[in-house]
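Colleague: Work out the full structure: start from the sequences and follow the hints.
Sequences listed follow chains A, B and C, in order.
First residue of the first sequence: 1, per my numbering; consecutive thereafter.
First residue of the second sequence: 1, per my numbering; consecutive thereafter.
First residue of the third sequence: 1, per my numbering; consecutive thereafter.
Read the hints as simulated data drawn from the structure, not as lab findings.
Please note that a few of the clues may not be correct.
[Claimed, not checked] Restraint ranges, calculated between C-beta atoms of paired labels, are given here:
id, chain 1, residue 1, chain 2, residue 2, range
1, A, Ile254, C, Lys76, 47 to 53 Å
2, A, Leu74, B, Asn113, 48 to 54 Å
3, B, Gln163, C, Asp204, 54 to 60 Å
4, B, Leu185, A, Asp257, 30 to 36 Å
5, B, Pro128, A, Val123, 49 to 55 Å
6, A, Ile190, B, Thr232, 42 to 48 Å
7, C, Leu18, B, Val15, 30 to 36 Å
8, A, Thr56, B, Ser156, 37 to 43 Å
9, B, Gln163, C, Gly127, 30 to 36 Å
10, A, Tyr8, C, Gly127, 56 to 62 Å
11, A, Met13, B, Pro186, 24 to 30 Å
12, B, Val19, A, Ile254, 42 to 48 Å
13, C, Asn3, B, Val15, 52 to 58 Å
14, A, Arg91, B, Leu39, 36 to 42 Å
[Claimed, not checked] Not close to chain A: a few residues of chain B, all C-beta gaps over 12 Å, as computed:
id, residue
15, Tyr27
16, Val51
17, Leu124
18, Gln135
19, Asp162
20, Gln163
21, Leu165
22, Ala168
23, Asp171
24, Gly178
25, Val181
26, Thr232
[As the list claims (entries may be wrong)] Partial list, derived from the structure: chain A residues whose beta carbon lies under 7 Å from chain B:
id, residue
27, Met13
28, Ala78
29, Ile81
30, Ile83
31, Pro101
32, Ile107
33, Ile222
34, Thr226
Ideal Cβ placement from N, Cα and C applies to all residues, glycine included.
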Amino acid sequence: MKHLSRIYTGFCMFFLYLPIFVLIVFSFNESKSRAVFTGFSFKWYQALFQNDVILTALGNTLLIALISTLISTLIGVAAAIGINAMNRWLRGVVLNTTYMPIVNPEIVTGVSLSLLFVFMRQVLGLPIELGFMSLILAHVTFSTPYVILNVLPKLRQMDKNLYHAAMDLGCSPMQAVLRVVLPEIMPGIITGAFMAFTYSIDDFIISYFVSGPAVQTLPIVIYSMTRKKVSPEINALSTIIFLVVVGVLFISNIAQDRWAIETRKRLN
Amino acid sequence: MRNKVLSAPYLFWMVLFTVVPLILVAYYALTGADGGFTLKNVSDVRQFSGVIFRSVWLAVIATLICLVMAYPLAYSMSRLRPQMQRVALLMVMLPMWINFLLRTYAWMTLLENTGLINQLLGLLGIGPLQLINTQGAVVLGMVYNYVPFMILPLYSVMTKIDQGLIHAAQDLGSNTLGVFVNVVLPLSMPGITTGITMVFVPAVSTFAISRMLGGGQNLMIGDLIELQFLGTSYNPNLGSAISMVLMVLVLLLMSAMNQYADEEKEGMII
Amino acid sequence: MENYIISLRGIKVQFDDLPVLKGLDLDIRDEEFITLLGPSGCGKTTTLRIMAGFAEASEGDVFFEGVRINDLPPHKRNVNTIFQKYALFPHLNVYQNVEFGLKIKKIPAAERKVKVKEMLELVGLGGFEARDVNLLSGGQQQRVAIARALVNQPRVLLLDEPLGALDLKLRKEMQTELKRIQQSTGITFIYVTHDQEEALTMSDRVVVMKDGEILQIGTPQDIYNEPVNAFVADFIGESNIVPGVMRRDFLVEFANNAFRCVDKGFEPDQLVDVVIRPEDLRIVAADEAPLTGVVSSVTFKGVHYEMMVESAGHDWMVHSTQASEVGEFIGLTMSPYDIHIMERMEDDSLDWIEGESSASMEGGHAE
Chain A
1 MKHLSRIYTG FCMFFLYLPI FVLIVFSFNE SKSRAVFTGF SFKWYQALFQ NDVILTALGN
61 TLLIALISTL ISTLIGVAAA IGINAMNRWL RGVVLNTTYM PIVNPEIVTG VSLSLLFVFM
121 RQVLGLPIEL GFMSLILAHV TFSTPYVILN VLPKLRQMDK NLYHAAMDLG CSPMQAVLRV
181 VLPEIMPGII TGAFMAFTYS IDDFIISYFV SGPAVQTLPI VIYSMTRKKV SPEINALSTI
241 IFLVVVGVLF ISNIAQDRWA IETRKRLN
Chain B
1 MRNKVLSAPY LFWMVLFTVV PLILVAYYAL TGADGGFTLK NVSDVRQFSG VIFRSVWLAV
61 IATLICLVMA YPLAYSMSRL RPQMQRVALL MVMLPMWINF LLRTYAWMTL LENTGLINQL
121 LGLLGIGPLQ LINTQGAVVL GMVYNYVPFM ILPLYSVMTK IDQGLIHAAQ DLGSNTLGVF
181 VNVVLPLSMP GITTGITMVF VPAVSTFAIS RMLGGGQNLM IGDLIELQFL GTSYNPNLGS
241 AISMVLMVLV LLLMSAMNQY ADEEKEGMII
Chain C
1 MENYIISLRG IKVQFDDLPV LKGLDLDIRD EEFITLLGPS GCGKTTTLRI MAGFAEASEG
61 DVFFEGVRIN DLPPHKRNVN TIFQKYALFP HLNVYQNVEF GLKIKKIPAA ERKVKVKEML
121 ELVGLGGFEA RDVNLLSGGQ QQRVAIARAL VNQPRVLLLD EPLGALDLKL RKEMQTELKR
181 IQQSTGITFI YVTHDQEEAL TMSDRVVVMK DGEILQIGTP QDIYNEPVNA FVADFIGESN
241 IVPGVMRRDF LVEFANNAFR CVDKGFEPDQ LVDVVIRPED LRIVAADEAP LTGVVSSVTF
301 KGVHYEMMVE SAGHDWMVHS TQASEVGEFI GLTMSPYDIH IMERMEDDSL DWIEGESSAS
361 MEGGHAE
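Modeller: What follows is the structure, encoded as structure tokens:
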């Protein structure tokens, strides 16, 4: 039984990692072939770093992710504090609407936002072009719920009297939020912002519908490259992304371990 | 509590960018190009019933494969030592951090006619087989991309199943099958329903996977919608109507899952 | 209003149409230790929150030294609070917690340092400045909370069941400690608890509350010796409460017998509640007693034995330093001074006593 489950787990991991492994290996291939390894070379990495389209798209992606994360964190944290103070009924309504962009198929969110931007420009005459503006608005829309859903549990767990204690000691309500509530919910804010950032970088479907021809994000460029049959730069790009992800996860895990050990030490 | 005011910017944002756009979808679906009310778009959706049926069918198959594949894996993972559990969990989540387009692209390279798989088969004297641009390839792409969404909820309910319960069932005379049917399966039901929703929704609405691995011959609902908005047959009214159908499909599935989860809960109380 | 530091007038509070306070009037003297005592849900904590400014009254006024402060927000009131479970700021250390209020008031750093140090000494936490508050024991956290409040030199300190989370030994210690601090600082303490023993030990005056109303205000001695009704009698210490009939002045009939008592002024044949403390019942030989019965249980309680005696259809609780045997047929007697006559309460309150008295007895065991 034990052997069987080991073998099965191994098989599943093989399935999950085989394609990634193949991508990585062929990123070092000398020829364009995706099936025959003809020799080791870094030429696709060089090509990648000379590819202005990809580099520009990378810049766009990071810029959009930074700005939309900043906005959605600000709006989301304030919203969570407000929602926490609402009565049960109102909170239910707001939270259900908040879940909408998460449970709705992404394509529907993308389509609905693109309709909104077209409607705003054509019918209302607002100067909203499809590009940076629409991408940032869309990214804030789908990432704010993640901030709220990460911060809200922290607020619920918090001893409500901390807020009262701050006011009791002379804080105005705003001071109490800044000096006591915010530090208390900071872990939730950080997780929420991190999720907002990664979702923004990773998003393809919604961005695809709200980006104009002028501004492309990295996933959109990747999609158009896959439409062309052969583009080995993608392999190089995938390898770099994979290594970055592994690195980040590795470091964050070590950091967590260290933190856990530190805490245990202090407790003893 | 003046704090409620703090949520005002978000509420404004939520109404403008979540509620209004969905109302717009409904509005466009129910109006013609001239802006007048019509049911034509909605009734036109019928002519795509083949595509809709195919989308649902492929998504159902992919969801079932994910379930069958993920269930034993999640169970094995939940019985590992804690240290190993963390490693396994990380390994399952790691591919999710790589954009799904890249993961799908990896399968394109493997499945194509001159791809690695056909090369290997050629060494055995088989093929070349038509692997890419088939419905099977689309299902494979869905399974590959979305199986972590099935593993994670299953794993998280299974780690909560007390080993003592399993021992108790064995103690009371259940054999392995009995333990599974009477203890593990009912207790993992919430994970199953969550996993089904999390796999089915993106699978049924995908357009990139079907485009990349299905080669344009195996259109799905997502492709139809994309074509109406960004493709050659620009028709946002029809596109909105199809989007409405897609939302209804998803809502139906989710309410079915909720229903089922509720019944399970009641059953567990008895 | 001379000498009253806080006065409540006709305070009414409702939560979702449910009345929590039903028109409360209360005057609190400067520099006294006053306790609001009552079962959970009686409105004592809400009363405290009204004074602190965390809750709003739908009707009525709050006065601080004669000035109406209904609309004054909490941070502008000259009161400080010790919260249930202390509400120490987890992200700040001991020193920073105590310093918090002074910092908000923009007191210069040097002055803050002196005051915080002084206050930590007062509560016995000198040298704990840099400690993480999350790693302190319950008693230490309690002391930090006291220091954090008192360093602001409030006129009034509100304490919301501050000792509830501590174990018995620590609680006794802190009771003495709180009383000492109150007396040495001269700050008015308004203390909320459901623990009658705590209330009797520490307070100058006790306010007994139930269902959003004040039943009795008085010194601990008043409350214990002259409870105004059966509820107060039962809530403060343990009591035997039986129905009776006031035949005429100084003569009451209960348990199928007539007894001399010291009460008068009731209508002839008025229905009353008769309250007798367990320690006031004396066990005597059966043939010379008005009440006779069989001992059904004997429990050793340390200082005394607690016995239940079945007599005239009631279970009588008797405290005595001498144990009887279970099954023994004994007589019970009491002096007229120990028979307390009270106006009969409505039925539902009596039900409440039945349900709750056993619970409070269990609580007594746990302590």
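Colleague: What hints, given by number in increasing order, does this structure fail?
Modeller: 9, 15
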